[in-house]
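Position 14 (the sequence shown) corresponds to 14 in the numbering used here; numbering is contiguous.
Since the hints were derived computationally from the structure, they do not count as laboratory data.
Every residue, glycine too, gets a C-beta built ideally from N, C-alpha and C.
Any given hint could be a false lead.
Said to hold, decoys possible - Calculated cross-link-like contacts (lysine to aspartate or glutamate; reagent style EDC-like; alpha-carbon spacing at most 20 Å):
| hint | residue 1 | residue 2 |
| --- | --- | --- |
| 1 | Lys41 | Asp158 |
| 2 | Lys205 | Glu461 |
| 3 | Lys189 | Glu414 |
| 4 | Lys161 | Glu135 |
| 5 | Lys361 | Glu206 |
| 6 | Lys361 | Glu461 |
| 7 | Lys161 | Glu181 |
| 8 | Lys205 | Asp378 |
| 9 | Lys171 | Glu112 |
| 10 | Lys183 | Asp378 |
| 11 | Lys362 | Glu461 |
| 12 | Lys172 | Asp193 |
| 13 | Lys428 | Glu414 |
| 14 | Lys306 | Asp331 |
| 15 | Lys172 | Glu104 |
| 16 | Lys256 | Asp331 |
| 17 | Lys164 | Asp193 |
| 18 | Lys362 | Asp431 |
| 19 | Lys172 | Glu206 |
| 20 | Lys428 | Asp331 |
Said to hold, decoys possible - Just the calculated beta-carbon pair ranges, DEER-fashion:
| hint | residue 1 | residue 2 | range |
| --- | --- | --- | --- |
| 21 | Pro274 | Tyr433 | 27 to 37 Å |
| 22 | Lys151 | Lys322 | 41 to 51 Å |
| 23 | Arg324 | Asn370 | 22 to 32 Å |
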Amino acid sequence: MNLLNIARHLVYLTQTEYGYEHSAITIDEICASKQLFELLKSFKDSYFSEIHTYDTLELADEYNELTDDEEATDQEEDSDSEADDYNENEHYDIKNHFTLEEIENIIGWVDEHPNARFTTISHRFRRIKSMKTIEKEAVHDDDLELYAIQKARELDCDAFKTSKPFINTFKKENDARNWIESKRTLISKYSSDQILNSDHCSFQKEYVSPLTLSFTGERTIEAAIKRKHNVTHSYTVQPVTSAAGRLLNKFLLVLKEREDEFGSIVVKNMIIPPNVIVQASKSGKSTAANHYIFLNDVLHPCVHKKFLLFLDSWTIQTNQNKFRKVFPHQDSQLLIFLEGSTGHIQSQDLSLLRLWRYFHKKIERYTHINRTQMNLNDRQYFINVHSIIHNQLSAPQFKNLIKSGFIQARITNETIEQIEKPKDICFKFYDLYCSSQDCDERTLLKCAWCKNILCYYHLIEDLHLHL
């Protein structure tokens with residue numbers, strides 16, 4: 001748009017409406033013209049042809065300079081007019097002037113108490129005369145869409161479009177960040193080695209490749225699997241990490257069983273590595289009983305009296321009383337993330353579990369592509385695979401990568417050195433065959449601890465661990 005043309009036409013409209021009377025320009029008129037010019041500048045590269053106006057509780061600074069007498073008079077007038085109906089002009093009156101901090105406090109309190117009646121609100125915030133006063137200041141989805149589009153135009157992202165998922169994600173992330181900041185004082189009382197996070201990660205019982213060869217034009221593509229229920233059923237792992245980049249010595253593995261426990265023959269034949277606590281459930285998901293085992297057998301042996309544990313809002317692990325039964329010391333604290341926020345502020349979601357899934361996918365693809373003949377039953381295979389993954393991710397090379405999750409979540413704030421990734425440490429090798437004596441099997445992984453090149457059998461079935 002041509003700003004000069006806009007200014008000329010504005011002068012023309014003003015002269016037509018109010019005549020050609022000349023007078024000396026005042027300071028207020030100069031200030032008003034400067035503000036109007038700033039508004040015009042925003043139209044220079046704009047695609048909009050409308051101006052949207054918004055009401056505000058913020059009035060001119062001159063109203064800040066009230067004397068005690070004037071304030072007392074205002075309070076008397078407030079009392080006299082308390083029973084009167086709401087008047088729109090009161091929104092701009094000196095009695096209803098608020099600072100930005102006051103506005104945030106009022107709206108924040110109303111958001112936290114959505115069922116509060118206006119009588120309660122007006123009693124708490126004396127100068128509020130109507131709910132309209134609050135509603136006009138609340139930021140709605142339409143406002144966020146407008147702000148996002150305006151920012152995109154400033155960045156020359158003309159193709160940017162907002163959507164409901166975009167707005168929902170923005171609000172969740174903003175709520176998550178605000179929640180972390182609200183806990184900053186508590187977090188600061190703990191060292192990085194005392195700040196812990198744990199999360200669940202589920203895995204399909206049988207890996208199915210996302211790509212399958214087929215003939216051109218074939219409408220139905222079929223894939224072979226060992227057992228149909230293996231695709232729809234899963235099992236769960238739950239590791240613990242610290243903000244210092246340490247993966248705690250043990251993790252919980254919950255396998256799916258017909259009952260909530262293993263049979264006596266199964267227990268007798270199972271080989272349990274020292275870094276795994278194995279439990280059973282009908283669903284393959286962690287239960288309340290499994291969570292108690294996690295607190296008592298996984299977490300308790302690895303922590304001191306003072307620590308801060310972050311968990312997600314899954315019902316079975318939010319009970320503070322159960323936590324206190326295992327950790328009665330008051331310096332042991334449990335914080336529960338806001339519901340729906342874990343994808344933004346849970347450190348394991350941002351780092352460790354991505355690495356864990358990467359390792360698992362590599363192992364599953366290897367056995368699938370090479371048609372590896374397994375000598376283990378399903379239970380033992382799951383135990384061995386995740387024991388190996390846990391042990392590999394405990395290597396010092398992955399310390400910074402684990403730390404980065406806490407930094408991305410803004411739980412901690414520190415600068416870390418170069419981050420090394422699993423694909424460079426464990427899956428970048430030039431020896432195609434296993435380095436073990438008299439073994440001609442294809443290489444699966446290079447050990448992060450000893451740098452040996454290992455096949456499936458010498459890594460998984462022989463349990464190549466560094467403990």
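Each hint, compared with the structure:
For a cut-off of 20 Å, the pair hint linking Lys41 to Asp158 stands: about 18 Å separates their Cα positions. Distance restraint check for Lys205 and Glu461: the Cα-Cα separation of roughly 17 Å lies within the 20 Å cut-off, and the hinted pair is therefore satisfied. Our distance criterion of 20 Å between C-alpha atoms is met by Lys189 and Glu414, whose separation comes to about 16 Å. With a C-alpha separation of about 26 Å, the suggested pairing of Lys161 with Glu135 is violated against the 20 Å cut-off.
Simply put, Lys361 and Glu206 have alpha-carbon atoms about 11 Å apart, close enough for the 20 Å limit, and the pair holds. Distance hint between Lys361 and Glu461 is fulfilled; the C-alpha atoms sit about 17 Å from each other, no more than 20 Å. Under the criterion of a C-alpha separation no larger than 20 Å, the hint pairing Lys161 with Glu181 is inconsistent with the structure, at around 30 Å. For the suggested pair Lys205 and Asp378, the alpha carbons sit about 8 Å apart, so the restraint of at most 20 Å is met.
With a CA separation close to 15 Å, the supplied pair Lys171 and Glu112 stays within the 20 Å bound. The straight-line distance between the Cα atoms of Lys183 and Asp378 is roughly 43 Å, outside the 20 Å bound, and the hint therefore fails. This hinted pair checks out: Lys362 and Glu461 have alpha carbons roughly 16 Å apart, not beyond 20 Å. Simply put, Lys172 and Asp193 have alpha-carbon atoms about 28 Å apart, too far for the 20 Å limit, and the pair is violated.
Between Lys428 and Glu414 the CA atoms are separated by roughly 29 Å; this puts the pair beyond 20 Å, and the hint is violated. Between Lys306 and Asp331, the direct Cα distance comes to roughly 5 Å. Compliance with the 20 Å bound is thereby established for this hinted pair. In summary, the hint linking Lys172 to Glu104 is supported, as the alpha carbons are separated by about 18 Å, within the 20 Å threshold. Note on Lys256 and Asp331: the hinted pairing is violated, with a Cα-Cα distance of about 35 Å set against a maximum of 20 Å.
The straight-line distance between the Cα atoms of Lys164 and Asp193 is roughly 39 Å, outside the 20 Å bound, and the hint therefore fails. Between the alpha carbons of Lys362 and Asp431 the distance comes to roughly 17 Å, so the proposed pair stays at or under 20 Å and holds. Using a Cα cut-off of 20 Å, the hinted pair Lys172 and Glu206 is violated, with the two alpha carbons roughly 34 Å apart. Restraint check for Lys428 and Asp331: not satisfied, since their Cα atoms lie roughly 44 Å apart, outside the 20 Å limit.
Taking 27 to 37 Å as the suggested C-beta distance range, the pair Pro274 and Tyr433 conforms, at roughly 30 Å. Lys151 and Lys322 have their C-beta atoms about 45 Å apart, which keeps the hinted 41 to 51 Å range intact. Between Arg324 and Asn370 the C-beta distance comes to about 50 Å, which lies outside the given range of 22 to 32 Å.
In terms of the numbered hints stated before, the structure departs from hints 4, 7, 10, 12, 13, 16, 17, 19, 20, 23, listed from lowest to highest.
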